[in-house]
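Q: So you can see what is in the structure, the chains are spelled out below.
Number of protein chains: 2
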Amino acid sequence: MDGLTLYDHPESGNGHKVRLLLSLLNIDYTLVFKDIHKGETRLPDFLAINPNGRIPALQLADGRCLSESNAILFFLAEGTDYMPQDPYLRAKVMSWLMWEQYEHEPTIAVARFWCHHLDMTPDRKALLAEKQTKGKAALALMEKTFSLAEWAVGTDPSIADIALYSYTSVAEEGGISLTPYPAMRQWLNRMAALPGFIPMDPWTG
Amino acid sequence: MDGLTLYDHPESGNGHKVRLLLSLLNIDYTLVFKDIHKGETRLPDFLAINPNGRIPALQLADGRCLSESNAILFFLAEGTDYMPQDPYLRAKVMSWLMWEQYEHEPTIAVARFWCHHLDMTPDRKALLAEKQTKGKAALALMEKTFSLAEWAVGTDPSIADIALYSYTSVAEEGGISLTPYPAMRQWLNRMAALPGFIPMDPWTG
Numbered sequence: 001m002d003g004l005t006l007y008d009h010p011e012s013g014n015g016h017k018v019r020l021l022l023s024l025l026n027i028d029y030t031l032v033f034k035d036i037h038k039g040e041t042r043l044p045d046f047l048a049i050n051p052n053g054r055i056p057a058l059q060l061a062d063g064r065c066l067s068e069s070n071a072i073l074f075f076l077a078e079g080t081d082y083m084p085q086d087p088y089l090r091a092k093v094m095s096w097l098m099w100e101q102y103e104h105e106p107t108i109a110v111a112r113f114w115c116h117h118l119d120m121t122p123d124r125k126a127l128l129a130e131k132q133t134k135g136k137a138a139l140a141l142m143e144k145t146f147s148l149a150e151w152a153v154g155t156d157p158s159i160a161d162i163a164l165y166s167y168t169s170v171a172e173e174g175g176i177s178l179t180p181y182p183a184m185r186q187w188l189n190r191m192a193a194l195p196g197f198i199p200m201d202p203w204t205g
Numbered sequence: 001m002d003g004l005t006l007y008d009h010p011e012s013g014n015g016h017k018v019r020l021l022l023s024l025l026n027i028d029y030t031l032v033f034k035d036i037h038k039g040e041t042r043l044p045d046f047l048a049i050n051p052n053g054r055i056p057a058l059q060l061a062d063g064r065c066l067s068e069s070n071a072i073l074f075f076l077a078e079g080t081d082y083m084p085q086d087p088y089l090r091a092k093v094m095s096w097l098m099w100e101q102y103e104h105e106p107t108i109a110v111a112r113f114w115c116h117h118l119d120m121t122p123d124r125k126a127l128l129a130e131k132q133t134k135g136k137a138a139l140a141l142m143e144k145t146f147s148l149a150e151w152a153v154g155t156d157p158s159i160a161d162i163a164l165y166s167y168t169s170v171a172e173e174g175g176i177s178l179t180p181y182p183a184m185r186q187w188l189n190r191m192a193a194l195p196g197f198i199p200m201d202p203w204t205g
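In order, the protein sequence lines correspond to chains A and B. According to the working numbering, the stretch in the first sequence is residues 1 to 205, in order. According to the working numbering, the stretch in the second sequence is residues 1 to 205, in order.
Be aware that a few hints might be false.
Each pair may be met inside one copy or between any two copies, as identical chains are not told apart.
In silico lysine-lysine, DSS-like type, Cα no more than 27 Å apart, as pairs [to be verified]:
| hint | residue 1 | residue 2 |
| --- | --- | --- |
| 1 | 125 | 38 |
| 2 | 144 | 134 |
| 3 | 144 | 38 |
| 4 | 38 | 136 |
To be clear, the hints were calculated from the coordinates, so they are not data collected in a lab.
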């Protein structure tokens with residue numbers, strides 16, 4: 001797949017998912033930095049790429065664009081080892097992608113973002129604690145999963161694992177300790193051992 | 001596809017998506033009511049079906065289970081007219097499914113739920129107003145989409161439209177008027193004219 005351009009920000013776990021899959025698949029691409037802190041994703045040139053004003057967004061060689069990190073993973077993984085062929089396993093992958101965007105990212109990623117960006121008033125502290133509690137519930141479900149199986153779906157790594165990896169690996173930056181989840185930490189290590197693996201960048205923002 | 005059992009609750013738009021697609025595809029299934037208000041989805045028998053404790057969940061004839069409404073749509077639609085064949089259009093469908101679970105359901109569906117279930121303290125009123133504001137932004141993006149095209153992706157209805165339909169059709173139950181979105185209301189009418197269409201049940205809870 002030639003001529004890809006990824007619009008992204010280094011602190012984004014949603015962006016890292018895409019960069020990680022591109023690296024695992026050894027696909028070259030052009031990386032364009034958009035500073036989310038300066039509102040660059042709300043400017044007209046970017047809204048023409050993603051009307052929803054969010055990174056990551058992927059532009060194909062012919063100019064067409066895709067948004068939503070997990071949809072980009074789905075697009076890139078089809079026909080590779082990172083997306084199963086079996087209909088039931090494919091639906092299980094999709095189930096994890098949906099769960100990640102509904103229960104995992106809005107708690108674990110948002111807690112991390114708030115810890116770095118918000119002045120912690122008492123009201124916000126209470127909301128942060130709620131996010132952290134829900135994030136821990138999400139990690140508990142993952143711990144149960146990885147205590148029974150090496151990978152999220154079937155017997156091989158898939159885009160379900162990639163979607164779950166990025167924000168889980170930096171959950172502690174949002175005040176959520178990974179210590180209570182030993183099976184999940186072993187899975188994080190298995191992910192980091194994949195040929196072509198790249199880690200999340202440390203927070204610099 | 002024979003022998004399907006759907007675990008569901010009549011007030012759930014996530015459940016309605018699945019019932020709507022099954023009806024459009026003329027697929028028979030057994031419906032099992034789980035009372036979310038009485039915690040029936042947190043009991044061991046249901047957690048064996050979906051460890052995440054949420055309806056809808058679909059059980060196949062062989063006993064295997066799927067959760068996450070949009071993943072169930074993906075499973076049922078593959079090979080039918082409701083899922084395109086073209087890789088780019090398939091990714092666009094996926095992009096809408098992800099967007100719906102991240103930006104639409106957590107605002108529009110949650111506002112509706114709160115309006116029916118929560119005692120409205122001043123704090124909750126403020127949070128509800130925030131949900132409604134974000135819900136309106138989601139509907140504005142849909143209005144822009146449907147002012148340019150008849151369907152969410154390509155030239156035909158797909159599971160992207162089905163995923164967007166259910167909670168949009170009852171947004172007013174969450175205090176979000178549909179009046180400012182004429183192109184979107186025309187799309188709602190197009191959806192309701194599909195052969196086999198079934199509407200959301202009125203709220204009874």
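Q: Next step is simple, just say for each hint if it's right about the structure.
A: Structure-based check of each hint:
In this assembly of identical chains, the alpha carbons of residue 125 and residue 38 lie at most 27 Å apart only when taken from the same copy (25 Å versus 31 Å across copies). When the C-alpha separation of residue 144 and residue 134 is checked against a cutoff of 27 Å, the pair qualifies only within one copy, where the shortest distance is 16 Å, while the shortest distance between copies is 34 Å. Taking the shortest Cα distances, residue 144 and residue 38 sit within 27 Å of each other only across copies (25 Å), while inside one copy they are farther apart (40 Å). In this assembly of identical chains, residue 38 and residue 136 lie within 27 Å of each other by CA distance solely across copies; the values are 24 Å between and 31 Å within a copy.
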